[in-house]
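K.L.:
Single-letter residue listing:
2 protein chains.
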Amino acid sequence: MIYVTPQQITFTDQLLLKSGAALSPVTVVYETYGKLNADKSNAILILHAFTGDAHAAFYHEGASKPGWWDDMIGPGKAFDTDKYFMICSNVLGSCKGTTGPSSIDLKTQKPFALHFPLITIQDMVALQKKLIDHLGIRKLLSVAGGSMGGMQAITWAVMYPDMVHSSIVIAACHGHTAQQIAFHEVGRQAVMADPDWQGGDYFGKALPGRGLAVARMIGHITYMSWISMEQKFGRKLQDKEKLGYDFSKDFEVESYLQYRGQSFVERFDANSYIYLTKAMDYFDLSEGKKLSEVFKGVTADLLVISFTSDWLYPSSQSQAMVRALKANDVDVSYLEIKTDYGHDAFLVEFDDQTRMISNYLTKVVRERVSRI
Amino acid sequence: MIYVTPQQITFTDQLLLKSGAALSPVTVVYETYGKLNADKSNAILILHAFTGDAHAAFYHEGASKPGWWDDMIGPGKAFDTDKYFMICSNVLGSCKGTTGPSSIDLKTQKPFALHFPLITIQDMVALQKKLIDHLGIRKLLSVAGGSMGGMQAITWAVMYPDMVHSSIVIAACHGHTAQQIAFHEVGRQAVMADPDWQGGDYFGKALPGRGLAVARMIGHITYMSWISMEQKFGRKLQDKEKLGYDFSKDFEVESYLQYRGQSFVERFDANSYIYLTKAMDYFDLSEGKKLSEVFKGVTADLLVISFTSDWLYPSSQSQAMVRALKANDVDVSYLEIKTDYGHDAFLVEFDDQTRMISNYLTKVVRERVSRI
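Chains L and G, in that order, give the protein sequences. Reading the first sequence from the start, the letters are residues 19 to 390 in my numbering. Reading the second sequence from the start, the letters are residues 19 to 390 in my numbering.
These are calculated hints, taken from the structure and not from any lab test. The model shown is predicted, which means the values in this text are computed figures rather than measured ones. Check each hint, because a few of them may be wrong.
All copies of an identical chain are treated as equivalent in the list; a pair is satisfied when it fits inside any one copy or across any two copies.
[Claimed, not checked] Listed next, the in silico PhoX-like pairs over lysine-lysine satisfying Cα-Cα at most 20 Å (straight line): (1) K157 - K83; (2) K344 - K36; (3) K258 - K307; (4) K83 - K58; (5) K260 - K148; (6) K148 - K258; (7) K260 - K307; (8) K95 - K250; (9) K254 - K307; (10) K36 - K267; (11) K53 - K258; (12) K308 - K254; (13) K157 - K101; (14) K344 - K307; (15) K381 - K58; (16) K308 - K260; (17) K36 - K58; (18) K157 - K260; (19) K125 - K254.
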């Protein structure tokens, strides 16, 4: 077991947000794995998904489970910590250490709740840039993430072309579609329909747990595929020999969803839920322009990965990015991994991702920094 | 404009349910269109979907809109009322006139609410059979319906083979999958999470409207396709020139879903919502047996229709039925209609359905009853 201790840094200068608002101070929680080399050319920033955190790999002291992408990060793994210096920070707006709506507003000495400014994927990336500057790294060997992490990865390539040699965009998109917005909006409505929501000001009182659980249940369905749900649950009954003909839990899939909803309430904040879903819904790199226009300044090498059964962020969105990048002569590799796991595949399908990413990083080192 | 008046019949003998419970009296609301011929051989029963009702065609006195499938039923239409005698009844468990959980329990003189017995698709069909018997019809020329209506249509062919010459099964399945159960379970949890739910006993008090609206919003997403949502809404803003950077409605798709959720609360009962979704979740014609075994007794001619972009009841489920019917040498026609409208297509794509059904019924008349 390799242990890791979270670190944090507080920036006291203003973080200017895309909305026009500004935020200060801003604290960022992050972890690092492996060693930064002398010329600081082996650093890779890992970007986590919606409900993730800075703990991407290794073990916290006393913990029984490692970080969320430990299968991908470590000695000899896809992100080989014998070669690379890995960084993962918790995103702006989350509830896992970095400043977010559950942080204390210095003006009121109470949690921000809905007084926290609305944030965007671009704001998350802007804060990550501050962290990278703080670490003295001038140019990242790579940035990489799945889902909301992939949105950040492509945004890094657009916003800070001089600071990234490469970007790995997994199961993501260049902008949310109506259906993606719709699923999030239903989740937000479920949270806000909970009487314990109280306009977001539930701190120190009952949590809006039932609404948040419903929101998470919806999410879970979209993260799995039709097939993976059928393989895992089918019509299997929950602790029963036959149908109950009442409204108690009949099917395993019902109790599974309720369990996942409940456990989510214990680990995630309802305000962060609505802020981060809104940040994804606001995400739209094109903003009325052609995507090929948006990618004009991209100088990074790109690796785009999607999954055949991911219907939440379907391959067609990744392919649209690939086309628009190619139109700008960006060096882009694309892999569609055949899998039944749906959107969750980026947290499950390690073999194909490892082979692809490991070789890809070797290529980026060779072509972009010669050696590390 | 052709007008129609709903009729009703109350059966005082017991309706034995699949659960083992019994129900009496049971009232059925129904409408008819066209004329029953002398030998009663031209009758077709229309089976409505989840939130539908007996008003399938023509106009109620003073109404500005016709019945829900008026584009398909009428003189010269797919279900040609110059030829056929059409019947549509409201299903058991609904809130549109037929006995359901919002009906008065004679024992308590209060609405049943959760004291209503759980019902199944088979129970709906058993009640419809009582109505057909009551109308003196020995054998239906056809039964036809989409979605939950399609589940009833295939069930008719299995339960009462001697009473149906043909069955038209549209956008349906032979049993609910884990994903289909999952979406319904989230909807039920949303309803039950509403403090106004009060264990279903909300009659005469505030309605559990916020929960029911959230449940309906989820449903709406599943009824549309990724593409149809993109074409209808995309990222269009609602009455705004730019993003609001607050939690008011930014996108058209958000206000559309909220509007549909709200209007549903005004027209549908929360208890019926949970009873009918549960009935669909219980639906599983195979019940552990091979589907080809289940279809052994089917003597009806079958027409199965599915839609390419229907991801809620995907074509693969219709195709599984077609294969199992063919294994029994059932005369089955199958059409997959290419459309972007998703599951809602059965309420939208009239041209292809009309052509197919019109010709199909002519064939059934020729082969099964010679003339009508």
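K.L.:
Compare the structure with each hint and give your call.
P.N.:
Verification of the supplied hints:
1. Taking CA atoms no more than 20 Å apart as the test, K157 paired with K83 passes in neither setting, with 32 Å inside one copy and 64 Å between copies.
2. For a Cα distance limit of 20 Å, the shortest separation of K344 from K36 qualifies neither inside one copy, at 28 Å, nor across copies, at 60 Å.
3. For a Cα distance limit of 20 Å, the shortest separation of K258 from K307 across copies, 19 Å, qualifies, whereas the shortest one inside one copy, 56 Å, does not.
4. Taking the closest pair of Cα atoms, K83 and K58 never come within 20 Å of each other, the shortest separation being 30 Å inside a single copy and 70 Å across copies.
5. Within a single copy, K260 and K148 get their C-alpha atoms no closer than 58 Å, and across copies no closer than 28 Å, so neither meets the 20 Å cut-off.
6. Proximity of K148 to K258 under the C-alpha cut-off of 20 Å is found in neither arrangement, the shortest distances being 55 Å within a copy and 33 Å between copies.
7. Taking the closest pair of Cα atoms, K260 and K307 come within 20 Å of each other only across two copies (15 Å); inside a single copy the shortest separation is 56 Å, beyond that limit.
8. For the identical chains of this complex, K95 and K250 are neighbours neither inside a copy (28 Å) nor across copies (44 Å), given an alpha-carbon limit of 20 Å.
9. For the identical chains of this complex, K254 and K307 are inter-copy neighbours only, at 14 Å across copies versus 49 Å inside a copy, given an alpha-carbon limit of 20 Å.
10. Proximity of K36 and K267 under a CA criterion of 20 Å is satisfied inter-copy only: 18 Å between copies versus 45 Å inside one chain copy.
11. In the homo-oligomer, the alpha carbons of K53 and K258 never lie at most 20 Å apart, since the shortest distance is 53 Å inside one protomer and 49 Å across protomers.
12. Within a single copy, K308 and K254 get their C-alpha atoms only as close as 48 Å, which misses the 20 Å cut-off; across copies the closest is 16 Å, which meets it.
13. Proximity of K157 and K101 under a CA criterion of 20 Å is satisfied intra-copy only: 16 Å inside one chain copy versus 77 Å between copies.
14. For the homomeric pair K344 and K307, the shortest alpha-carbon distance inside one copy (17 Å) is at most 20 Å, but the shortest distance between copies (52 Å) is not.
15. Taking the shortest Cα distances, K381 and K58 sit within 20 Å of each other inside one copy (18 Å), while across copies they are farther apart (77 Å).
16. Taking the shortest Cα distances, K308 and K260 sit within 20 Å of each other only across copies (18 Å), while inside one copy they are farther apart (56 Å).
17. Taking the shortest alpha-carbon separations for K36 and K58, neither the intra-copy value of 30 Å nor the inter-copy value of 70 Å comes in at or below 20 Å.
18. For the identical chains of this complex, K157 and K260 are neighbours neither inside a copy (61 Å) nor across copies (34 Å), given an alpha-carbon limit of 20 Å.
19. For the identical chains of this complex, K125 and K254 are neighbours neither inside a copy (53 Å) nor across copies (36 Å), given an alpha-carbon limit of 20 Å.
Taken one by one, the earlier hints fail for this structure at numbers 1, 2, 4, 5, 6, 8, 11, 17, 18 and 19, listed in ascending order.
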